[in-house]
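Turn these sequences into a full structure, and let the hints steer you where they fit.
So the sequence shown is residues 7 to 419, counted in my numbering.
Source of the hints: derived by calculation from the structure; they are not laboratory data.
Be aware that a few hints might be false.
With a straight-line cut-off of 25 Å between C-alpha atoms, the simulated PhoX-like cross-links for lysine-lysine are [to be verified]: (1) 254 with 214; (2) 280 with 301; (3) 253 with 214; (4) 301 with 214; (5) 301 with 322; (6) 238 with 301.
Predicted, not measured: the structure shown is a model, and the values here were computed from it.
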Amino acid sequence: MNPGTTASLICPACGQAFLSMQQSMEGMVQCPHCAHNALRSYFGTHAQVAGVAQVRRRVSQQQPLQSMLAPTQPQQEIRAISQPAAWPPPPPIQASANFTARQTLQHSQALMPTGAPPPPSEEFKTPPHLRRSPWRGAFILLAFTVVCGGALWLWWDSVNAPVVKPIADVAPPPVKAVVKIDPVVPKTQIARAVIPAPDVGAVAEDAKALITELFAADTAERRAACIHDAAKYSAEIEAQFGAVGDKKTELRLLSRIPGLPQTLPGGQQVPLFKLVTSACTNGALIRLEAGADGKRRISWPLLHETHAAALAAFLKQPAGEAAWFHVGLRPSHGLDIAAELRPRYITFDVQVSAGSEPHFVACVERDTPLGRFMNRESEWGKSCLARLLLRRLDIQSDAPCLLVIDCEGAPER
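Okay, here's the thing in structure tokens:
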């Protein structure tokens, strides 16, 4: 073994000697016996330990001799008694400068070289399962605050609770009689609410039977039995359906028109039917009316005017004349007339056939009793049947216009 590359070190922890190749004082050295790990300067060498042991041995030999001698004897006598004359005088004991320091060292520090810095103290770390959470104190303080707040609230509630006084027998105040005043409802609205809806199926069966009999009748009496109040219109009935031979009017189609128009005024729902004949390809309008005997029959004015196109013929006459007509009405925006005239009139689309043609526009002055009446009684998006007094109106428009002068059933102005 090469003594120049190895050094004999003494572990300051267990006191065992071992060899190490670490020469730098700043290098790390680990004891093979106890696995103590520290800098090279913290391990003592074999020479340092031997010097310390020799000094301690000398001191321990001289202390008992000094304690046994009397303090009054001279120093020369002590030396003569303790040593023979032939012995050479021992060399004077030179007190080591580090003697006091070595006496105060602990066992594990006695093997360390004098003047070396103390070993670094190993910091004790608490195991994870024994460590306290940093939020524990805050949680305890919060729980304590909540408990104290609850107790304070209960105390305050009990102190400030209202005092319940016994209720004395007090007579209740007199109850005033409440008189309920019903709002004024127009008669037309009351009639609409009371009138029941018609049996459309039964009405359709009656219309089919009456039209079939009307075109199959070969006498005036049979034809009159199909018309409501036929005595007033016997001449018109015979002129239109009493012809025979090639001039006889033939039945082409009978169908029901979707929806239930309402009468104006009154609001009674009326089923309408479309009648197509050899003389009327656009289709006439048919409605039934109940007579005094309770039987339903054909309303002649509507059938006659729509089958003969009476309104279209009236518009070909000179302006200024007025006449009554049974028509179907539907409220409109008045897009057929000029924009500057729309604020003046309330407009309606007029239907005088089962088809879309011919197309007429009925205008009624807005700021008049009749205009307010028709605006109130009609409903937007719904059709109605009315008998109107009409006159031709010459204004700028896209369709023939009629001025409504009066409406049958309207209140007197």
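- [ ] For the pair we were handed, residue 253 and residue 214, check the Cα-Cα distance against 25 Å.
- [x] Holds: residue 253 and residue 214 sit about 23 Å apart, inside 25 Å.
Satisfaction of hint between residue 322 and residue 301, Cα-Cα up to 25 Å
Since the Cα atoms of residue 301 and residue 322 sit roughly 38 Å apart, the hinted pair is violated (cutoff 25 Å).
Residue 301 and residue 214 were given as a pair; does the straight-line alpha-carbon distance stay at or below 25 Å? Holds: residue 301 and residue 214 sit about 14 Å apart, inside 25 Å.
Holds or violated: residue 238 to residue 301, with C-alpha atoms at most 25 Å apart: 18 Å, holds
Take a quick look at whether residue 280 and residue 301 sit within 25 Å of each other, Cα to Cα. Holds. Residue 280 to residue 301 sits at ~21 Å (cutoff 25 Å).
(Q) Checking one constraint from the list: CA of residue 254 to CA of residue 214, max 25 Å. Satisfied? (A) Between residue 254 and residue 214 the Cα gap is close to 20 Å, so the pair holds against 25 Å.
In this structure, only the earlier hint numbered 5 is contradicted, and the remaining ones agree with it.
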